[in-house]
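Visitor: Residue-level listing of the chains:
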Amino acid sequence: DGGITQSPKYLFRKEGQNVTLSCEQNLNHDAMYWYRQDPGQGLRLIYYSQIVNDFQKGDIAEGYSVSREKKESFPLTVTSAQKNPTAFYLCASSLRDNKNIQYFGAGTRLSVL
Amino acid sequence: QQQVKQSPQSLIVQKGGISIINCAYENTAFDYFPWYQQFPGKGPALLIAIRPDVSEKKEGRFTISFNKSAKQFSLHIMDSQPGDSATYFCAASIRGSGSRLTFGEGTQLTVNP
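Chains as they are written, first to last, in the working numbering: chain Z, 1 to 113; chain X, 1001 to 1113.
No wet-lab data here; the hints were simulated from the structure.
In silico contact screen, one side only, chain Z against chain X (beta carbon under 10 Å); selected entries:
hint: 1; residue: 9
hint: 2; residue: 31
hint: 3; residue: 88
hint: 4; residue: 90
hint: 5; residue: 91
hint: 6; residue: 94
hint: 7; residue: 99
hint: 8; residue: 100
Quick reminder that beta carbons are idealized off the backbone N, C-alpha and C, glycines included.
Kindly generate the complete structure, drawing on both the sequences and the hints.
Guide: Dropping the structure here:
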């Protein structure tokens, strides 16, 4: 089945710890995105990548980092600099020439211990 | 900053009723308006979308109405069913510019049996 796989489903972070959320897609999409979802705030863009080895900051990039070494993978690291990391994180992908249709993974819920 | 405002934040409808969710945007350059549906614990999925050259688009029980002069668009769910209970997000983007989707805050719809 083609799709986007996010792992883990649940993740817990200790104070001062960096954690990495995985996102893998087998849709052969060029563009990939990371969103943060908080109640009542919709989906806010953290980072996006339109091509391998290139990525851009979204609206709330502070405290996060990404890499795009492979077309299929776009991992997100939540660093210790992110003081309020508790949220639902969504990864998405789209064709580079049709970014309007984005396909989402099932999400990772991150909590702070 | 580009914004899309969505209302209401939550909506309760009886089975068989009509659910109406409204969105307003500011940037007149937006030219693609999708709606996404998200079930609990899942990622959003594209439900229906409209371009501003038409005033209405219907797919089954779901209809988008678009008012370009008022910079507003809305989702109507006819004959609402308990299975429609989900969070709905409107969004907007500019086609062809490489721009990403800007999402509304979301509406949590509950359809009572």
